[in-house]
Amino acid sequence: MTVFNRERRAGPGLLGLIALALSFASPAAAQITNFSEDVGRSIDAGLAWLDANGAFNNPSNSGDAAGLAALALLEKRQSADQDAEPLGYRNASAEDQARLDRVIAYILGRSNLAFYAYRDGNYLMALTVYLRTGGPRADEARVAINAIFDRIQANQNARGYWCYSNGGCDDSSTTQLVMAGLAAARGVFNDPATGDAARLARLNELTALTASGYRQFGTVGPGINDPDERGHGYNRGNANSMQQTASGLWGQIIGGDDINTPGVQQYLRWLRNRYNPNTHAGANGGWSTSYHYYMWSSAKAYTFLEDSGVVPAPGNLSTADLGLLPPGDEPAFAQRTLRLDPAAVGRVRWGAEGAGYYNDPNEPSRWYFDYAYALMGQQGADGRFNPPAGTSAWNAHSSQSYALLVLERSVGGGCNDTDEDGVCDVDDNCPNADNANQADRDEDGVGDACDNCPDAPNPDQADADQDGEGDVCENRPPVASVDPNPVIIDEHDGGAVDGSGSSDPEGDPLRFDWACEGNIAIRADGQGLIIDASDIDAPPEGIRIPCTLTVTDPEGLSDTENFTIIIVNVDSDEDGVDDDDDNCVNNPNPNQEDLDGDGIGDVCDDDIDGDGIPNGGDNCVRTPNANQADLDGDGQGDVCDNDIDG
9 MTVFNRERRA GPGLLGLIAL ALSFASPAAA QITNFSEDVG RSIDAGLAWL DANGAFNNPS
69 NSGDAAGLAA LALLEKRQSA DQDAEPLGYR NASAEDQARL DRVIAYILGR SNLAFYAYRD
129 GNYLMALTVY LRTGGPRADE ARVAINAIFD RIQANQNARG YWCYSNGGCD DSSTTQLVMA
189 GLAAARGVFN DPATGDAARL ARLNELTALT ASGYRQFGTV GPGINDPDER GHGYNRGNAN
249 SMQQTASGLW GQIIGGDDIN TPGVQQYLRW LRNRYNPNTH AGANGGWSTS YHYYMWSSAK
309 AYTFLEDSGV VPAPGNLSTA DLGLLPPGDE PAFAQRTLRL DPAAVGRVRW GAEGAGYYND
369 PNEPSRWYFD YAYALMGQQG ADGRFNPPAG TSAWNAHSSQ SYALLVLERS VGGGCNDTDE
429 DGVCDVDDNC PNADNANQAD RDEDGVGDAC DNCPDAPNPD QADADQDGEG DVCENRPPVA
489 SVDPNPVIID EHDGGAVDGS GSSDPEGDPL RFDWACEGNI AIRADGQGLI IDASDIDAPP
549 EGIRIPCTLT VTDPEGLSDT ENFTIIIVNV DSDEDGVDDD DDNCVNNPNP NQEDLDGDGI
609 GDVCDDDIDG DGIPNGGDNC VRTPNANQAD LDGDGQGDVC DNDIDG
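Heads up, the sequence shown is in my numbering, so the first residue is 9 and it goes up one at a time.
Any given hint could be a false lead.
What the hints assert, rightly or not - Listed next, with one range per pair, are the computed distances between beta-carbon atoms:
| # | residue 1 | residue 2 | range |
| --- | --- | --- | --- |
| 1 | Ala363 | Ala328 | 20 to 28 Å |
| 2 | Gln343 | Gln474 | 50 to 58 Å |
| 3 | Gly354 | Glu451 | 21 to 29 Å |
| 4 | Asp533 | Gln446 | 27 to 35 Å |
| 5 | Glu428 | Thr202 | 30 to 38 Å |
| 6 | Gln474 | Asn65 | 26 to 34 Å |
| 7 | Gly515 | Gln343 | 51 to 59 Å |
I should point out that these hints are in silico values taken from the structure, not numbers from a laboratory.
Virtual Cβ for every residue (Gly too), placed ideally from N, Cα, C.
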């Protein structure tokens, strides 16, 4: 038997008094976004409307819906942080605690009335959350919870339904509120400190029977011919509707089913086929007053599925599939809508900013964004959430509360224990792995039983290669890096290569192994390589020497980068003679003429004939004549004068 609870693990207190919480598809990081701030503003305005209209008075103007109003106030979030937990009673402001004191007193005063499904279901939710979050009248609340439960368990019929005041009809609308109350009460009855094993066992029987009824009596259609879908109507056999199909979906989950159970898949498919957060007018089964009820019922269903941690089997749907099917695709449904892109829509309700205002990497496209965006767009200046065109509100206070509970991401204190370990999914650090002791030795919030790195904190459970071992504890190969590449060195010179850019994902020390082909002299120098090309005379085309750097971590994983050493042939004057051999390095002289044989080419020799007289003053530049004899005085030395005597 699957059991459920929505409370966070407790600190000291009667029942572990902590706040309720829930997650949603593609959960956002723990931070505040423009969208989450606007949602917070709408919640505040919506609660102010309830307050102004007497919902938190004693007597409460909400009447039989007072539990929903109290629940909406208890589920108010601590901040606009998308992961913020509800305030509950303990963390509420003094003013809100006073409001809760009044409305809870009203509920307690009516807790011994005869069974009435609508009232008992929502009162049971409110009292449970009040009790578990530090409400001061805890003993009275527990007595009332027991009394309401006992009335409920006595009035279920054999098919798993409750009617308004007995089991005389197969009414889903009344059944779903009773089931919501039972889901919350399970969090009291399975509490390890003050639980009630007998009532818990009976509660599990009741919810399992209801789940069986929804599975058994679901039908196809209307308006769509999809043999794989099932929906439910107001009463068994009535036209299927969005609100009651959603109730049937989470009713099966409360009764022990998960996302891979055929009935859950069939009901989820029915809702996927008709996805439309803006209105239920196209598939409400003739009940136009139930829009906000539909919104919260479906939001609860999707949240329970996501909190369970159960991965859909191949081919099965998940909440990630909602809003992705175009209305014209089979099975076609004209009123079906596509999911919004937060980056492409303008600000709603709280400003006139255009597209891009909600663009944020932590604000992904998902069903919750669509739901909250639609509700904020319907909120009036007075804070009331007005039903969309073509619909109306059956009860203004319950309608307002349902809208608030959607924005607050609340499931009304309901608890799902998918792995049946006695810990509710939202409390469970491994919701899909049996671990009653909740061991978490690295204290990262993920239990050892499901942690892909149980000894290294990694709350995000990142696993890039999807091998089941988290990135933070998985020894990943190092990365070799060489700079520069290629390495260009002049012949008869030297150079160096830097390998310090190599890295290890875990930060482990690395061993550096360098290798080059041929006979070039190399010497490792820590993370670098010293290259000695002093003995290399490169041909005109140069020399290319293939080399490698291999880095290896302490566990033997390695990476190799190939690089090339290029030994350049140096010919500065580009005369075809290497500088090392060129008798005039900077003056082109491919013939290398050297009249005096002094190793300096004639084109750059200041004394071509080597007679000690610089060319500029030598009267025989190319013929040695140190005495500069010039018999006829014609400026041409005798040794090179064809007419010595003139």
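Comparing the hints with the structure gives:
1. Between Ala363 and Ala328 the beta carbons are some 24 Å apart, a value that agrees with the proposed interval 20 to 28 Å.
2. As the Cβ distance of Gln343 to Gln474 is approximately 38 Å, the hint placing it in 50 to 58 Å is violated.
3. Judged by the Cβ atoms, the range 21 to 29 Å given for Gly354 and Glu451 is violated: they are separated by roughly 42 Å.
4. Range check, Asp533 to Gln446: about 53 Å between beta-carbon atoms, so the 27 to 35 Å window is missed.
5. Taking 30 to 38 Å as the suggested C-beta distance range, the pair Glu428 and Thr202 does not conform, at roughly 21 Å.
6. Here the CB-CB span from Gln474 to Asn65 is close to 55 Å, at odds with the stated 26 to 34 Å.
7. Against the hinted window of 51 to 59 Å, the Cβ-Cβ separation of Gly515 and Gln343 comes to about 55 Å, which satisfies the hint.
In terms of the numbered hints stated before, the structure departs from hints 2, 3, 4, 5 and 6, listed from lowest to highest.
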